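Enquirer: Using the hints provided, position chain F with the ligands relative to the given structure of chain X.
Line by line, the protein sequences are chains X and F.
Sequential numbering from 1 applies to the first sequence in the UniProt record's numbering.
Sequential numbering from 1 applies to the second sequence in the UniProt record's numbering.
The hints are simulated quantities; they were obtained by calculation from the structure and are not laboratory data.
The model shown is predicted, which means the values in this text are computed figures rather than measured ones.
Part of the chain F face toward chain X, derived, beta carbon under 7 Å: (1) Glu14; (2) Ala18; (3) Glu54; (4) Val69; (5) Met164; (6) Asn172; (7) Tyr194.
Beta-carbon label-pair distances, calculated as ranges: (8) F:His80 <-> X:Asp459: 33 to 41 Å; (9) F:Val60 <-> X:Thr532: 29 to 37 Å; (10) F:Ala20 <-> X:Ser533: 29 to 37 Å; (11) F:Met17 <-> X:Ile216: 33 to 41 Å.
Just so you know, even glycine gets a beta-carbon here, dropped at the ideal spot from N, CA and C.
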Amino acid sequence: MSLTGTADVEPARHRPAPAPGGWLGWLTTTDHKRIGLLTLGTSLLVMLGMGVLALLMRGQLAQPEEHLVGPQVYNQLFTMHGSGMIYLVMTPFALGLGVYLVPLQVGAPVIAMPRATLLGYWLYVLGAAIMLSGFATPQGAHSDGWFSYPPMAARTYTPGVGSDLWIAGVFLATTGVILMAWAVLWTALRKRAEGMTMLRMPVFSWSMAATCLMVIGAFPALLAALALLAAGRVEPAVFDSNLWVIGYQHLFWFYGHPVVYVMFFPYLGAVAEVLAVFSGRRFFGYRGTVFALLVFAALSMSVWGHHMFTTGQATNDYYSLTSILLLVPAGVEYFAMLGTILGGRLVFRTPMLFALAFVPQFLIGGLTGIMVGTPVLDYHAQDSYFVVAHLHYVLFAGSAFGLFAGFYLWFPKATGVLLDERLGRWHFWLLVVGTNLTFFPMFFLGYAGMPRRVVTYLDGDGFGLLNLLSSCGAAVLAAGMTVFVVNLARAALRRAPRAGDDPWRGHTLEWATSSPPPRLNFDAAHPLPPLTSEAPLLDLRRRAADEARGAREGRGAREGRA
Amino acid sequence: MRQADVFGEVFAVELIMAGAVFLAVLAAVLYAVLRRRAGAAAGPSERAERPRLEAAYVAVLAAVAVFLVVYTALANHREHRTGHVGAPAGPPAAPEVVEVDVTAFQWCWTFRHPRPGGAGATSGTCRAEEVPTLVVPTGRPVRVELTSRDVIHSLWVPELRYKMDAFPHHTNSFTLTLDEEGRWLGRCAEFCGYRHYAMHFWLRAVSPGEYERWVAGHQAAAGGAA
Ligand code: HEM
Ligand SMILES: [Cu+2]
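Isolated chain X (complex conformation) (with noise of 0.2 Å):
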């Protein structure tokens, strides 16, 4: 240990083993940045996966009385496409963006936990390949919607083993999530450079510390519900009590409302650092938005009850008063993110394009939210396409136009190459005209009385027209997407343009290093600056400024006297 001479910029306890080279170093590293790749990428791809099933369902719901699938797969598609698009995506993409970047963010060498870290990426992609598995038994993958209410999803009730390979996968896969989130945590409280204080972290690597604490705060609930379940698998009179009925409702949703703010903080954050970037200049009021992500984080783990509004078993009025009480910490991140570009001088690349749609398109989902979460709206909305179009909203026009925000921000630093602007840009359109074509007909299917999780609908009921509609919408989305993998597929085969350290003129320390990052993110040749703010890079770039200005004003005014 001591042997290390006094000129290396590392101490040596960060110095990792050698790691073996190829796959194998890859699916073995202890390295956050190949952990994160990984984990970004099997996401991503699951992503494509589980969009692939909700193509298939709004192509059953084209019409009324449609035959492309039946009730038994139909349930199945929506099951595995929602609960395949929480727990294998969206949560784990979120974590997995924090295990790349929060080590960057902070100036730490490595990442608290690597094993655990490590270990965590394979819990998820074994939980993964369990749940998905079920679609290759006899009676299919499990079909009770992502929150399987018993005593539905119990063995009287859903008796196919893909039921219970659901029950292993999401278990495993959430175990994973939460290994990474303690990482992650831990990481931004302990491994902070010397003068990265808590009030110079980043907004993203802020967003991402409230998303641990939500993850580790509430994702064991998650654990206990489907320990639950399992245990009414093995033994259905379990449920023949209603308080194990009513009481599963309540463990799921002590995870479900903060998974939500899990899908939403880190894409937030990301979108955060994009128009800050992107307007040239600091974000504005970061003090506020941090003070309101850990309040927004605090309340999430009060307003569960909301989804239980229309059990009769539920405190409406407590739930709501915490639900509608949210407004005010989401209030103040718009405050900011608005003030950072009314202030700004904005340029209109890909990253930006995502940032800018999120504002206004994720507003509607929040708005709606307030609206869902007054209990006499919800007696009718509950359970119908209006709210299916709300959590839409939420995570695909808001939570996934933000991690693709992300994706193009930061796709540079992690690869050293550039994707096509042009390619973007179609991406980028095509995902908004497709996104609201999709899931704005979906408020008034539900609000016309279309419940959600139905294979098909009757002529007579008249919803047709907008169910064709938004299934055209989703036609453009996959479009959208198609031209998603092009680009990625030109970055992988052509020789795409190199990107440089800080392609976008980037603002946190991940920006000061190479692209990619060297093993262990910061060295001789790429050193940490000056710890100044939450905005290091800019500060120095304002140095210079000043410094270049008050050398031509100095020799300005001697010459004047001259």
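Expert: Chain F with the ligands alone, transformed into the frame defined by chain X:
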């Protein structure tokens, strides 16, 4: 239809507020896109935060939140007060409550209209594709006692803007008062398996006199069949 009235009023209020917020934010984004673009704008602002403005704004947000919480909670309590809305105070005018026992099961409904002395009428056979009908009188509060025989279902009449879940081993009750005669489609809103999508029923409101005749008729029919 008190539920529909309360829903309509609160929905309108929230829709207007949401619309205003959405338009304001959209206007801000469009303004930034058009007037703060790199070509059009001067340099970016150096201002890192505006704590005074932000504090005032938080106060406004909090006031809006408190208004919404109180206003909607009062609406909820108004909706669930038993008895007839607008009926003159005092028991003499209050019409007698009708009770209906509703049982959901995979994938249909039974509606029992209990009578004093143990007798009662049952509607809906659920044979073949028959859609059962829940018959209720207009003008009288109808207390629905809702339960399930197997999994969780949810009784939803979209036109009434109201639903309530049906749990096994548990009974939920709520009160409906229908002012006009008519027939509305009801659906199951909680996913309940294979035929969830087809678990419909009709809600039919008839005059009190016709309702009495209907119950008497079905009582006889049920008795005759036994
Ligand atoms: C990040 C992306 C997405 C997420 C996180 C997501 C999430 C969900 C969730 C949680 C459900 C509910 C499943 C359940 O009821 O148990 C759902 C249902 C559904 N989603 Fe998505 N979704 C995403 C993207 C999409 C896209 C792109 C489409 C359309 C092309 C789509 C179409 C649908 C449809 C048709 C349903 C079924 C509605 C029903 O039968 O009730 N989703 N989704
Ligand atoms: Cu049902």
